[in-house]
Amino acid sequence: MRAPVKIKTLTIDGKEVSAREGETILQVARENGIDIPTLCYLEGLEPIGACRLCLVEVKGINRLVPACVTQVEEGMEVVTNSERLIKYRQMILELLFSERNHTCSVCVVNGHCELQRLAQRLGVTHIRFPYRYPNLPIDASHERFVIDHNRCVLCTRCVRVCDEIEGAHVWDVMGRGINSRIIADLNQPWGTSEVCTSCGKCVHVCPTGALSEKGKAVAEMEKRRQFLPYLTVMRGGRQ
Amino acid sequence: MPAAAATLERPRVTPPSDDKRWRIVEATMRRHGYQPHALIETLHTVQETFGYIDEDAMRFVAQALRVPLSQVYGVVTFYHFFTLKPQGEHICVVCLGTACYIKGAPQILEAIERTYGIKPGETTKDGKLSLLAARCLGACGLAPVAVFDGQVVGKLTPEDALKQIRRWEEDDGR
Amino acid sequence: MTVDELQQLALKEQEAKQRYRCRINVCVATGCIMCGSERVKEAIEEAVKARGLEKEVLVQGVGCLGLCSAGPMIYVEPDGIIYHKVTPEDAPAIVQGLVSTPVERLICPPDLPFFKRQMKIVMENSGTIDPERIEDYIAVGGYQALIKALTEMSPSEVIEEVTKSGLRGRGGAGYPTGLKWSTVAKANGARKFVICNADEGDPGAYMDRTILESDPHRVLEGMAIAAYAVGAQQGFIYVRAEYPLAIKRLRTAIRQAERLNLLGNNILGTTFSFSVELRIGAGAFVCGEETALMASIEGKRGTPRPRPPYPAEYGLWGYPTLINNVETFANIPPIIRNGGEWFAKIGTERSKGTKVFALAGRVVNTGLIEVPMGITLREIVFDIGGGIPEGKRFKAVQTGGPSGGCIPEQFLDLPVDYESLTKVGSIMGSGGMIVMDETSCMVDVAKFFVEFCMSESCGKCVPCRVGTAHLYELLRRITAGEGTMRDLELLEELCDLVKSASLCGLGQTAPNPVLSTLRYFRHEYEAHILDKTCPAGVCAIRRAEEVPA
Ligand SMILES: Cc1cc2nc3c(=O)[nH]c(=O)nc-3n(C[C@H](O)[C@H](O)[C@H](O)COP(=O)(O)O)c2cc1C
Ligand code: SF4
Ligand code: SF4
Ligand code: SF4
Ligand code: FES
Ligand code: FES
Ligand code: FES
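Chains as they are written, first to last, in our numbering: chain Y, 1 to 239; chain F, 240 to 413; chain Z, 414 to 962.
Honestly, I wouldn't trust all of these hints.
Said to hold, decoys possible - Quick list of simulated restraints, FRET-style, between CB atoms:
#1 Z:R672 <-> F:K358: 46 to 54 Å
#2 Z:R672 <-> F:E287: 21 to 29 Å
#3 Z:P522 <-> F:Q346: 28 to 36 Å
#4 Y:T192 <-> F:K358: 29 to 37 Å
#5 F:E398 <-> Y:V106: 50 to 58 Å
#6 F:P255 <-> Z:R432: 56 to 64 Å
#7 F:G356 <-> Z:R664: 35 to 43 Å
#8 Y:L136 <-> F:T396: 19 to 27 Å
#9 Y:K214 <-> F:E409: 39 to 47 Å
#10 Y:K15 <-> Z:E851: 53 to 61 Å
#11 Z:K498 <-> F:E287: 47 to 55 Å
#12 Y:G60 <-> F:T396: 51 to 59 Å
#13 Y:K214 <-> Z:K836: 54 to 62 Å
Claimed, not checked - Chain Z is nowhere near these chain Y residues, computed Cβ spacing over 12 Å in every case:
#14 A50
#15 K87
#16 E94
#17 C104
#18 T156
These are computed hints drawn from the structure, not numbers from a lab.
Idealized CB from N, CA, C, for every residue including glycine.
The following block holds chain Y by itself, in its conformation from the complex:
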């Protein structure tokens, strides 16, 4: 016997909605056609609340909460699109564009990039912060894939998919703060990884051109993620 699902009612942007207990604000919003921008979140992976694009206002809580990890509660009044939130989201994108070297015009995912799409949607047209122009490598040692750190936004989707779904845990993050970087094994060329199964999952969950298939020309690389919901169901559970 399963306990009956408890239903919660709340409002999002003034619209009354109902939700199952345990659902997140993001899930409920999307079910109701309210789109909250996300970057580090990907359905099927453990949410981490790191990019902060999905921050929303909740009446009665004096700080902003990330919609992707915050569970709904009875009577919540959520605002997802205030002027303040939009401004913060724009600034977060500005920060991401200034952090590394995102030259979209020569990128394999140009036109299919989540970062680009977010910028278009939120109307970010120029970056007020000085570009940091870090000197970062491109690792093409893998026979089928490439990682270009210049385009990485450190969302750790690759780390999570490889650990949680593929079970290989090739990727992790090294260093800290602004010097953080994605690494394979002991910070070695990806092609020499002892545990990579070349399954390609990391490549397809990557929101940007940081991870791509070899041999793709500019704007040619499209990401396919049909495997994720299916695999997570098979693995019994994470929504």
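Fit chains F and Z with the ligands to the given chain Y structure using the hints.
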């Protein structure tokens, strides 16, 4: 601690070399039942006994504790206490905590940087001197403070600091 | 060991102590050890032996006496004489002083406001007992609070007492301790943990270190009482690796407590069991944040995670976990011994008890002080601290470290409590208090703290990882004389983002030093930008001298 992950039969992981010091490292891991959460404790032991943590050590610890390689590397590079390379023969740690900063630590650091051409975290080419910066050694009452090979010295001036390092050079020169 | 045996041990120790006519207490906490107090202690022991006074005079190492900048410090009982700046050569004279007149040139006047204005609860044993002997602690009433809790009180009565005391967390945020305990007590879990946060990351503060070095058992006792109250079986103390002496003394203390069955299974013959393990930090400020600290105990990178769930419900390895600061735990034994109401009488309306501060920077007396809540900043800086040296002018006092702010002169008469400090844009913080005079440039100070936060950011969330790097760059430009008024606007806008959007307390408070200096010392920013001068003469702006006055 979590209920001990059922003690699976596992092949003994052999240390990278027959250096006796690996036994100390193994003792730490044994004390913690080879649980993955002993990673930081074990790395402390490696850092203490060998003075740094190289690839062989990381590989060995990763296998023995069954922690992914990239996770070990991620942990080693996250914490300032762990170093991937051996330190110089002599180590000078300058405190850059608030009290020391206000009382002139930047000038001490600058004097050493200028004289020896190294920045915090670096070692001179001859491997003699490593310069490190610390965040408060908990002796703020005596600021500015620096540690010379384990010896803490307070109320330091740039001249004193250089003198101390020169004394090392002289002692070693003999 | 049973309760009776423990009481007898206490009596026996008290008698043994009373057999000595006097005691020479030499400070062996880090500050004084750095000044050579261990050699002083040896010299005094020899001098005592040379005069055949071993049976009458006890020479013992004790915890911090407070005036760490004037070490090595010595406290002679029962005469109550305090000596400072003692050298090994002074030993014979000091021993001679026991029978004739004290050594005038070494005496610290005992009516010095530095000593008189303080109030010792947490540091009550510091300077009088040997931190490496559990018997010393027991002789002065140590572990009596644990006995009382275990034998006379139910867990909920213990929590009730702590709630009544009004104690608030000393780790920075000031969360009511009783409330936290009752949440953990109510949480369901097959096991529960108690963690003592001894990561003390504020770069200019050493209260927790000194408590651990001076009186480690009171922290263990506090933790055991907490464990009893919330229903935990195991505890961890997370200490930073930079504190080797505190680690050593904690190790000794845990071993001793286990030997006397004050930790371990069936403590004092009751059904209560509790063990404590040490975990050594590895140099990451962010690991002071509770969720990062727990990740670090689990052997991982110390990156915080979003809360809720709070550790009280989902903590170490997913179990309900109580996490408190060192000083918070150190307040527990006296609260249980004397009752919550006694504690609640000290301090102000909403901030009870005392607070230990590490007073440092540009003041005459630097060291460790314990003062009642509600004392004014002026009393701390000018009475206890003795004012600014070299006739310089006071400019600001910084509290709360990288999460706090700079408080200017006009607020010197502010009472020190959680609310007042927050109102003026700083925080109580863990107890770092740095005094600055006219030789400090406030823009440079802001840059210093932002640099700290940038290099200590874990890198997980975007506003803090990239935001602090840009804040630093903007401040670097301004202090180098390259800044524009546009940069100042951007700086303020970015502060707002980092504060509001970061994941954990590190990012959320990183802008505070900038915001508070902007609020009170905006003219200094403008001088750097518009006049290309650094009013304090700290920042290297090339054209500074050429600017017409
Ligand atoms: C970046 C950061 C660093 C912190 N550092 C410490 C610390 O060094 N010591 C401490 O006790 N609390 C520290 N805290 C606060 C802890 O997260 C936690 O609130 C505290 O240990 C709770 O204990 P309390 O209720 O007794 O104050 C820090 C918080 C943040 C966000
Ligand atoms: S290809 Fe598969 S196994 Fe290899 S790194 Fe990517 S996700 Fe991991
Ligand atoms: S490589 Fe791609 S998926 Fe991995 S962290 Fe960077 S942007 Fe995210
Ligand atoms: S605020 Fe800073 S320290 Fe905290 S999670 Fe974000 S990046 Fe890490
Ligand atoms: S999507 Fe919620 S924080 Fe990234
Ligand atoms: S700031 Fe240097 S010892 Fe505390
Ligand atoms: S360390 Fe000796 S008085 Fe503080």
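When the hints from earlier in the document are held up against this structure, which numbers fail? 8, 9, 11, 14, 15, 16 and 18
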